[in-house]
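Using the sequences and the hints, build the whole thing.
Number of protein chains: 2
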Amino acid sequence: MSLDTPMEKKPHERLQSALSADLDAVGALIRERMASEHAPRIPEVTAHLVDAGGKRVRPMLTLAAARLCGYDGPYHVHLAATVEFIHTATLLHDDVVDESKQRRGRPAANLLWDNKSSVLVGDYLFARSFQLMTDTGRLDVLKVLSNAAATIAEGEVLQLTASQNLATTEEIYLQVVRGKTAALFSAATEAGGMIADADPAVVQALFTYGDALGVSFQIADDILDFGGDAEKTGKNIGDDFRERKLTLPLIKAIAAGGTRDRAFWERTIEKGRQEDGDLEHVLTLLKEHGSLDASRTDALRWSEVAKAALNDVPKSELTDMLRDLADYVVARLN
Amino acid sequence: MSLDTPMEKKPHERLQSALSADLDAVGALIRERMASEHAPRIPEVTAHLVDAGGKRVRPMLTLAAARLCGYDGPYHVHLAATVEFIHTATLLHDDVVDESKQRRGRPAANLLWDNKSSVLVGDYLFARSFQLMTDTGRLDVLKVLSNAAATIAEGEVLQLTASQNLATTEEIYLQVVRGKTAALFSAATEAGGMIADADPAVVQALFTYGDALGVSFQIADDILDFGGDAEKTGKNIGDDFRERKLTLPLIKAIAAGGTRDRAFWERTIEKGRQEDGDLEHVLTLLKEHGSLDASRTDALRWSEVAKAALNDVPKSELTDMLRDLADYVVARLN
Numbered sequence: 520m521s522l523d524t525p526m527e528k529k530p531h532e533r534l535q536s537a538l539s540a541d542l543d544a545v546g547a548l549i550r551e552r553m554a555s556e557h558a559p560r561i562p563e564v565t566a567h568l569v570d571a572g573g574k575r576v577r578p579m580l581t582l583a584a585a586r587l588c589g590y591d592g593p594y595h596v597h598l599a600a601t602v603e604f605i606h607t608a609t610l611l612h613d614d615v616v617d618e619s620k621q622r623r624g625r626p627a628a629n630l631l632w633d634n635k636s637s638v639l640v641g642d643y644l645f646a647r648s649f650q651l652m653t654d655t656g657r658l659d660v661l662k663v664l665s666n667a668a669a670t671i672a673e674g675e676v677l678q679l680t681a682s683q684n685l686a687t688t689e690e691i692y693l694q695v696v697r698g699k700t701a702a703l704f705s706a707a708t709e710a711g712g713m714i715a716d717a718d719p720a721v722v723q724a725l726f727t728y729g730d731a732l733g734v735s736f737q738i739a740d741d742i743l744d745f746g747g748d749a750e751k752t753g754k755n756i757g758d759d760f761r762e763r764k765l766t767l768p769l770i771k772a773i774a775a776g777g778t779r780d781r782a783f784w785e786r787t788i789e790k791g792r793q794e795d796g797d798l799e800h801v802l803t804l805l806k807e808h809g810s811l812d813a814s815r816t817d818a819l820r821w822s823e824v825a826k827a828a829l830n831d832v833p834k835s836e837l838t839d840m841l842r843d844l845a846d847y848v849v850a851r852l853n
Numbered sequence: 520m521s522l523d524t525p526m527e528k529k530p531h532e533r534l535q536s537a538l539s540a541d542l543d544a545v546g547a548l549i550r551e552r553m554a555s556e557h558a559p560r561i562p563e564v565t566a567h568l569v570d571a572g573g574k575r576v577r578p579m580l581t582l583a584a585a586r587l588c589g590y591d592g593p594y595h596v597h598l599a600a601t602v603e604f605i606h607t608a609t610l611l612h613d614d615v616v617d618e619s620k621q622r623r624g625r626p627a628a629n630l631l632w633d634n635k636s637s638v639l640v641g642d643y644l645f646a647r648s649f650q651l652m653t654d655t656g657r658l659d660v661l662k663v664l665s666n667a668a669a670t671i672a673e674g675e676v677l678q679l680t681a682s683q684n685l686a687t688t689e690e691i692y693l694q695v696v697r698g699k700t701a702a703l704f705s706a707a708t709e710a711g712g713m714i715a716d717a718d719p720a721v722v723q724a725l726f727t728y729g730d731a732l733g734v735s736f737q738i739a740d741d742i743l744d745f746g747g748d749a750e751k752t753g754k755n756i757g758d759d760f761r762e763r764k765l766t767l768p769l770i771k772a773i774a775a776g777g778t779r780d781r782a783f784w785e786r787t788i789e790k791g792r793q794e795d796g797d798l799e800h801v802l803t804l805l806k807e808h809g810s811l812d813a814s815r816t817d818a819l820r821w822s823e824v825a826k827a828a829l830n831d832v833p834k835s836e837l838t839d840m841l842r843d844l845a846d847y848v849v850a851r852l853n
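Top to bottom, those sequences are chains A and B. Residues in the first sequence are numbered from 520 upward in steps of one, following the numbering used here. Residues in the second sequence are numbered from 520 upward in steps of one, following the numbering used here.
Hints are supplied without guarantee of correctness; some may be wrong.
Note: identical chains are not told apart, hence a pair may lie in one copy or across any two.
With a straight-line Cα cutoff of 20 Å, these simulated SDA-like cross-link-like pairs (lysine to any residue) come out [to be verified]:
1) K662 with Q650
2) K574 with P833
3) K662 with Y594
4) K790 with D780
Derived from the structure by calculation, the hints contain no laboratory data.
Here you go:
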């Protein structure tokens with residue numbers, strides 16, 4: 520595979536091209552609804568998040584799902600903007616830093632804005648996202664997206680209690696991942712199918728695609744944290760370990776190490792007393808137990824689930840791109 | 520007036536009695552929807568807020584509005600729970616402390632829970648509130664409550680920028696108050712009328728009542744901050760001044776003092792360099808300029824607006840209690 524050769528466009532870039540008119544409409548709607556007559560600080564805070572743009576994967580999922588089901592109304596744009604608002608609000612709230620962590624001398628994640636602004640502007644975007652949804656006049660879609668919002672918050676709270684806790688299982692990890700990543704992916708694709716009045720079996724397949732894509736994507740991300748190309752991922756190797764976040768590779772390594780490595784994990788994860796050389800030792804343990812390879816197998820399996828689900832949705836160029844996208848999220852691991 | 524004599528029940532207590540069956544149903548629904556299968560920390564964090572119970576003024580407004588319009592379906596309970604969830608989420612998010620403030624040695628507002636838990640559990644309650652609303656099947660009500668949520672967040676952001684800024688006018692103060700207090704009061708009463716399919720003029724009157732009651736209530740609160748009975752209000756005299764929050768009495772005093780007092784306000788509010796004796800000087804200035812009396816006149820005026828609006832809603836015992844409630848919020852100032 521050579522998905523990274525300069526000549527070949529990546530799947531999300533092809534989706535961007537195919538959906539460019541819709542994406543422009545989403546961007547315009549986001550700018551319009553982000554504005555605040557009374558509180559100019561709101562667009563100030565959100566601008567760097569929304570304009571930086573990212574890949575807009577989530578709104579593209581909604582647009583693609585609606586289009587491949589033949590939708591030609593205006594409201595897939597509202598739903599795509601909703602999904603992006605929820606995502607941006609989540610990012611802002613993730614930025615909130617605990618003063619206890621500050622005291623331990625960690626750098627602030629929110630250098631640009633203070634905690635209070637992050638919280639309140641995030642709340643504003645949440646509220647705006649619900650206003651956008653009511654514009655569609657579709658209660659069934661509102662239900663899907665408010666369920667997703669609850670699952671996201673639940674997953675984030677679960678992650679709070681699960682991290683630094685060596686009893687965290689793969690099952691709990693999966694619940695956290697569903698909350699922090701997959702819930703919005705699956706709501707994005709499901710809502711796209713619903714707005715197009717697609718057959719319930721198609722809507723279900725779109726949900727399954729989004730869910731499995733999200734899980735696969737997050738596992739891949741968690742693997743790359745231990746060995747990705749820092750330039751490509753934008754993360755430093757070992758960030759999750761330093762933050763004592765129990766991701767899949769670590770959970771597998773801890774289980775495989777049994778009592779032998781127990782003291783090491785208790786010191787570094789539970790007590791958070793990390794020293795020079797600890798990350799190197801973690802990398803050795805991950806290799807010894809084959810934890811990164813085993814995690815990669817899981818990510819590939821979820822990618823296959825995502826692709827298989829697409830067999831139940833209408834065939835189209837967009838469907839092919841979604842299939843390639845499921846390949847792409849794990850191709851990063853090669 | 521002797522609203523405080525032990526023999527006579529206060530208006531909100533009479534509302535509590537008249538609506539006790541409905542309030543029990545609201546309490547049961549709140550406990551049910553607050554639960555989280557996967558994240559037990561959620562009910563832990565919310566229990567002390569929800570069980571402490573407060574006066575449940577906001578949900579009572581929804582129940583009373585629906586009942587006095589003759590509603591006998593089940594969904595006023597969902598809307599009352601929604602309103603209480605939004606209120607609780609707002610309280611949790613208000614608890615978030617800026618690390619910069621911590622560093623200045625201020626006490627943490629959230630002694631029980633860390634910032635991160637406050638944010639995420641608040642998000643969970645917001646999401647739950649939208650799920651509750653979708654249960655009612657009423658898009659018009661969803662629109663009213665999502666608009667209120669946006670106004671609340673906007674008002675809170677506006678307060679961030681308005682506080683510590685001597686250019687804050689009475690107009691800006693009113694916008695902040697609409698956001699932080701009146702928007703949820705008016706959405707509570709409006710939604711109650713809507714779920715009962717009341718005549719649009721009645722729904723509008725219920726909105727006006729909630730809005731004016733909220734503004735009156737907040738102005739009264741801001742006055743009591745400078746001279747209330749600490750035991751009754753649960754606040755220390757001068758908290759708003761110490762937090763450099765420009766409330767109506769201060770805004771009036773600053774305007775009346777002109778250039779003469781300018782340096783004092785710049786030092787204490789803008790620069791936040793407060794010294795012993797400053798609060799006493801503020802109390803002297805408030806008295807000299809008649810700022811508390813002038814604020815009280817405003818609060819009374821809003822209370823009259825609230826009562827007048829009730830002339831356009833059906834007459835009933837509940838309507839009388841709502842009228843008495845509008846008197847009660849300002850009677851605290853006598």
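Against the structure, the hints come out as follows:
1. K662 with Q650: both (13 Å within a copy, 6 Å between copies)
2. K574 with P833: neither (25 Å within a copy, 54 Å between copies)
3. K662 with Y594: both (16 Å within a copy, 16 Å between copies)
4. K790 with D780: Cα proximity of K790 and D780: one copy only (15 Å, versus 54 Å across).
Checked against the numbered hints above, the structure breaks only hint 2 and satisfies the rest.
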